[in-house]
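Chains as they are written, first to last, in my numbering: chain A, 1 to 131; chain B, 1 to 131.
Calculated directly from the structure, the hints in this document are not laboratory data. Fair warning: there could be bad hints in the mix.
Away from chain A, derived, C-beta distances all over 10 Å, residues of chain B [said to hold, decoys possible]: (1) 12; (2) 16; (3) 76.
Pulled a few chain B residues facing chain A out of the computed Cβ check, cut under 8 Å [claimed, not checked]: (4) 17; (5) 20; (6) 40; (7) 41; (8) 109.
These numbers were taken from a predicted model, which means no experiment stands behind them. C-beta: ideal position from N, C-alpha, C; glycine also.
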Amino acid sequence: MKYMLLLFGDENAWADMSEEETAAELAAYGSYGEEATNAGVFVSGEGLQPTATATTMRIVGGERVLTDGPFAETKEQLGGFYVLDCKDLDDALSWAERCPASGNGAIEIRPVIDYEAMGFAESAGSEEAPR
Amino acid sequence: MRFLLTVYDDERRWASVDEQSMKAEIEAYWALDNEAAAAGVFVDSGGLHPTETARTLRIRDGEESVTDGPFAETKEQLGGYYLLECESMDEALRWAAKIPAARTGSVEVRQLMDYEAAGFPNPAEEAARSA
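Generate coordinates for the entire structure from the input sequences, incorporating the hints supplied.
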């Protein structure tokens with residue numbers, strides 16, 4: 001079963017880091033990703049640019065309404081995510097525990113919907129997509 | 001460059017739609033997946049189980065705390081995501097406008113970090129590419 005791990009942390013902390021500290025932190029994420037890959041659970045993982053770069057869109061009466069910034073202003077910000085293929089929630093929690101973000105921010109763990117199991121065939125797009 | 005489109009909508013609406021409407025809505029998402037795949041921008045997409053299935057994990061001073069529910073309670077809830085390879089924010093916004101939930105909820109568009117370009121290649125991604 002796939003789980004999405006949403007990584008929330010104080011994005012200002014990254015801005016204040018020296019280049020060495022940034023390299024060390026990214027290396028920790030690198031080895032975490034490597035460990036997940038070797039265990040066969042890694043599906044994808046990405047880091048996001050700061051929330052200042054976000055744009056939020058709604059369509060109201062057929063017209064685009066754009067606002068600068070993220071959907072919600074929060075004390076800690078969404079800074080990245082992993083999608084991991086885990087046995088169950090406990091397994092997903094143990095991977096979340098090992099993720100570097102668990103020590104200074106918060107990780108939300110959410111199961112990803114298996115549409116095929118619900119009787120809705122997966123789209124060709126998601127099957128042909130490069131992983 | 002890659003963009004993460006996070007899709008927010010009232011999750012209670014999904015709980016109250018009949019099977020036909022749900023099928024039609026899911027098929028609209030599949031059609032979008034296929035259109036994005038045909039345009040060469042599709043990387044991944046996923047739907048998330050309701051926020052009541054979420055857990056949020058933090059570790060402080062070696063102590064782990066797991067709370068039920070999402071990181072933040074919001075009026076509309078994170079229900080899914082698209083990962084797209086676009087040439088610009090404008091192009092990503094054009095795809096955001098095609099997401100059915102843009103009409104009923106909100107879509108946040110954020111550019112992803114390119115760690116490789118920043119001089120920090122991710123070993124897990126390299127391993128996944130060569131696998």
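How the hints compare with the structure:
1. 12: holds (16 Å)
2. 16: It holds; residue 16(B) is separated from chain A by about 17 Å at its closest Cβ, greater than 10 Å.
3. 76: violated (8 Å)
4. 17: Residue 17(B) check fails; min Cβ-Cβ to chain A is 14 Å, beyond 8 Å.
5. 20: violated (13 Å)
6. 40: violated (10 Å)
7. 41: Violated. Min distance 10 Å.
8. 109: Nearest chain A Cβ about 5 Å off; hint holds.
Checked against the numbered hints given earlier, the structure breaks hints 3, 4, 5, 6 and 7 and satisfies all the rest.
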